[in-house]
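> Residue numbers (this note's numbering), protein chains in the order written: chain H, 1 to 116; chain Y, 117 to 277.
Be a bit skeptical, because a hint or two may be false.
To be verified - Label pairs and their calculated CB-CB ranges: (1) Y:N245 <-> H:E104: 23 to 29 angstroms; (2) H:A105 <-> Y:G142: 55 to 61 angstroms; (3) Y:L148 <-> H:E103: 50 to 56 angstroms; (4) Y:H266 <-> H:T64: 35 to 41 angstroms; (5) Y:R265 <-> H:R33: 29 to 35 angstroms.
As the list claims (entries may be wrong) - Computed list of lysine to any residue pairs in SDA-like fashion (alpha-carbon distance at most 25 angstroms, straight line): (6) Y:K211 <-> Y:C227; (7) Y:K211 <-> Y:R244; (8) Y:K211 <-> H:A105; (9) Y:K211 <-> Y:A262; (10) Y:K257 <-> Y:M212; (11) Y:K211 <-> H:P109; (12) Y:K257 <-> Y:E204; (13) Y:K257 <-> H:R101; (14) Y:K211 <-> Y:D258; (15) Y:K211 <-> H:P44; (16) Y:K211 <-> H:V87; (17) Y:K257 <-> H:F34; (18) Y:K211 <-> H:T84; (19) Y:K257 <-> Y:I187; (20) Y:K211 <-> H:T82; (21) Y:K211 <-> Y:L273; (22) Y:K257 <-> H:P35; (23) Y:K211 <-> H:E104; (24) Y:K257 <-> H:D36.
Calculated from the structure, these hints are not laboratory results. None of the values given here were measured: they were computed from a predicted structure. Quick reminder that beta carbons are idealized off the backbone N, C-alpha and C, glycines included.
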Amino acid sequence: MIDALPLWLAILVSVCVVVGAGLTMAGCLGLVRFPDFYRRIHAPTMGTSMGGGLILLASAIFFTVTGQRLVIHELVIFLFVTVTTPVTLMLLARATLFRDRIEEARETPPSDEAKD
Amino acid sequence: MRRLFPHPVLTGVLMVMWLVLQQSIGLGQILLGGAVATAVSLAASPILPERVRFRRLLSLLQLVAVAGIDIIRSNIAVLLILINPRAEPSAGFIKMELQLTNQFGLAVLACLLTATPGSAWLEYDGERNTVLIHVLDLADKDEWIATVRHRYERLLLEIFQ
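Please model the complete structure; the sequences and the hints are all you need to start from.
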């Protein structure tokens, strides 16, 4: 461990954390701001892609430099988040599609089975 | 060898993951990680449909780079829509036909499209091999389809098929 943080590292890590957290927050605000379900599902992915990625990058840089050895297990977190987010998202989206088709809501693309 | 390692890529990835999590490349961890990875991939093999095979590693690296650039670009694009109070993004659905049929390739494409803000993979039809995508700011449908084809599907076809 080193005690005093060099200035360049402090700036780099802070920028990564603040920008990452800001993007995640913007994504959450988007969830509230957008008018319908399909548009809303796009906003939170900002937090799971670049927002979370930057925070994890900051963590990796910080602990690599202060611990003076390579710390990259943040990569595993990023991988799991990237792989699991679409699963939940698709589940929600398909449930909504299913409901919209039954209710015959406007602007819903028809199911292929319905055409046959 | 084939019976002990039915899924060499899975075994390798699990092993690397073990070492990264343990933060050590000592002999003990390599042996332990190897044993865990072999056991897990043997246990998982009944539910895995087929072997993962990377045909062109160069294309894989290219895909990672392209995906990284697109994630940054689309984050900025969605952020600009969000902070502009008068923006009314013309959202829309796209139904496109895919050439890609490999299950792992499709899974990677689904993760990529969903992980980039601004596009989401909604529904896949295995019989017709079509996919329904929702796009937040849909300016030109055909251009979008062409982008998916050229940027992602071409590389995925090279890697998996």
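> None of the hints should be skipped; say for each whether it holds.
Hints, verified against the model:
no.	hint	in the structure
1	Y:N245 <-> H:E104: 23 to 29 angstroms	27 angstroms, holds
2	H:A105 <-> Y:G142: 55 to 61 angstroms	59 angstroms, holds
3	Y:L148 <-> H:E103: 50 to 56 angstroms	54 angstroms, holds
4	Y:H266 <-> H:T64: 35 to 41 angstroms	36 angstroms, holds
5	Y:R265 <-> H:R33: 29 to 35 angstroms	32 angstroms, holds
6	Y:K211 <-> Y:C227	17 angstroms, holds
7	Y:K211 <-> Y:R244	11 angstroms, holds
8	Y:K211 <-> H:A105	18 angstroms, holds
9	Y:K211 <-> Y:A262	12 angstroms, holds
10	Y:K257 <-> Y:M212	10 angstroms, holds
11	Y:K211 <-> H:P109	9 angstroms, holds
12	Y:K257 <-> Y:E204	17 angstroms, holds
13	Y:K257 <-> H:R101	22 angstroms, holds
14	Y:K211 <-> Y:D258	11 angstroms, holds
15	Y:K211 <-> H:P44	23 angstroms, holds
16	Y:K211 <-> H:V87	19 angstroms, holds
17	Y:K257 <-> H:F34	21 angstroms, holds
18	Y:K211 <-> H:T84	23 angstroms, holds
19	Y:K257 <-> Y:I187	20 angstroms, holds
20	Y:K211 <-> H:T82	23 angstroms, holds
21	Y:K211 <-> Y:L273	19 angstroms, holds
22	Y:K257 <-> H:P35	22 angstroms, holds
23	Y:K211 <-> H:E104	19 angstroms, holds
24	Y:K257 <-> H:D36	20 angstroms, holds
Violated hints are absent here; each numbered hint is respected by the structure.
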